[in-house]
Amino acid sequence: MVRNGPGDPGFITEVKTMKEPGNNALKRAINKASDQAGPEGKVVIDGRGVGTIQSDAERAFKRALGQPGKVVAKHVHVILEDGSMTEFENEQL
Amino acid sequence: MSERENIFVAGVEKPSELSRLLVARFGLEYMRDQDLYASEDLGLRRRALTTDGFVGLRVYPNTFVDPDAAPDEVQAFDAYPVQIDLWIPRPDVEAQEAEARAWFDRLVAARPDLPMLLIHDVDFLHAAYLPGKPVHDFPPGTSVDFPDIDAWLPWVIKTDAMAV
Chain A
65 MVRNGPGDPG FITEVKTMKE PGNNALKRAI NKASDQAGPE GKVVIDGRGV
115 GTIQSDAERA FKRALGQPGK VVAKHVHVIL EDGSMTEFEN EQL
Chain B
24 MSERENIFVA GVEKPSELSR LLVARFGLEY MRDQDLYASE DLGLRRRALT
74 TDGFVGLRVY PNTFVDPDAA PDEVQAFDAY PVQIDLWIPR PDVEAQEAEA
124 RAWFDRLVAA RPDLPMLLIH DVDFLHAAYL PGKPVHDFPP GTSVDFPDID
174 AWLPWVIKTD AMAV
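So the protein lines, in turn, are chains A and B. Position in the first sequence (from 1) plus 64 gives the number in my numbering. Position in the second sequence (from 1) plus 23 gives the number in my numbering.
Calculated from the structure, these hints are not laboratory results. Take these hints with a grain of salt, some might be off.
[Stated by the list, open to error] In silico lysine-lysine, PhoX-like type, Cα no more than 25 Å apart, as pairs:
(1) B:K156 <-> B:K181
(2) A:K134 <-> B:K156
(3) A:K134 <-> A:K83
(4) B:K156 <-> A:K138
(5) B:K37 <-> B:K181
(6) A:K83 <-> A:K138
[Unchecked claim] Listed next, the stretches of chain A that the computed footprint assigns to chain B, with coverage defined by at least 3 CB atoms under 8 Å from CB atoms of chain B:
(7) 84-91
(8) 132-144
[Claimed, not checked] Partial list, computed: chain B residues near chain A (C-beta under 7 Å):
(9) S25
(10) H143
(11) V145
(12) D146
(13) H149
(14) D171
(15) D173
C-beta atoms are modelled at their ideal positions from N, C-alpha and C, and glycine is treated no differently.
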C-alpha cells in the first residue's frame, strides 16, 4: 500500500522489474501486475534494464488494455531506459 | 514474491476438466467459497510435493493470448487454452520452480495425451511436452517470445500465425 500523504487512503501498488525486452513482455508485465494490484490499484513496471522506450510503453499499454479476459489497473507507470517515468490512466474504468 | 510458475495445457477446453483430474488423482482440495459447478477459475491447494508447507494452484483459461498480435508478437503458449498458475508461500524461486517441475512431470505421466508447457512467470520456457515425444528441456533464459521462436517452435502446438 502506497500513500501520498496522511489524508490519502492509498493504492495497492504492484512493482515489477522486467527481465526480458520486447513489447510482449511489457504487455504481460502490465497484465500480470494489474491482476495482482486490482482495478483500483497502481502498477509500476521498471523497464530500465531492458531498454524500454516511450513508444514501447505506449504500444504495450494499448495492447494490455485490449487483452481479452484482463482488466488493467487504473494507474500504470513505466520507468524507461533513461530513468524517466511515463504514466498511463485506464479511462475504461 | 509475486512471480509464479505456469503450466499451459492443450487438449482440454475447460479448466474444470483439469481441476477435477487434479482433485481425483493428486488429492488437491478446492479453496473455499468457489462455485464448483459454474466457475472456470478455480483455486486448489494441498501439501507441497517437494518442500515444506502448502502449494497453491489456480486453474483458469489462458488469458494471455492476443488475438490481434502481429506475426512477430506470437507467444509459445498461444495455442494452449488452459493455464495453471502455481506458487508456494515462501519467497524462494528455486523451491517454487522445483515444485512446479514435480507437478508438470506428474501431469505428463497422468495425461500423456495432453501437450503441456512449463513456464516461469509467463516469460521463460523451462520444458515442453508433446504426446509421443520425450519432455524437452530448454536452456535457461529461453523466452516465450518471437526472438526465441527457433528454439521453441518444434516443441509447441502451433497457431495459424506461427505457421506463416
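Against the structure, the hints come out as follows:
1. B:K156 <-> B:K181: holds, 16 Å
2. A:K134 <-> B:K156: violated, 34 Å
3. A:K134 <-> A:K83: Cα-Cα ~22 Å, so holds.
4. B:K156 <-> A:K138: violated, 45 Å
5. B:K37 <-> B:K181: Cα-Cα ~19 Å, so holds.
6. A:K83 <-> A:K138: holds, 24 Å
7. 84-91: It holds, with 6 qualifying residues against the three required.
8. 132-144: The restraint on the segment 132-144 of chain A holds, since 3 of its residues have a Cβ under 8 Å from chain B and three suffice.
9. S25: Result: holds, 6 Å to nearest chain A Cβ.
10. H143: violated, 9 Å
11. V145: Holds: closest Cβ of chain A sits about 5 Å from V145 (chain B), inside 7 Å.
12. D146: Holds, about 6 Å.
13. H149: Since chain A brings no Cβ nearer than about 14 Å to H149 (chain B), farther than 7 Å, the hint is violated.
14. D171: violated, 9 Å
15. D173: violated, 16 Å
Checked against the numbered hints given earlier, the structure breaks hints 2, 4, 10, 13, 14, 15 and satisfies all the rest.
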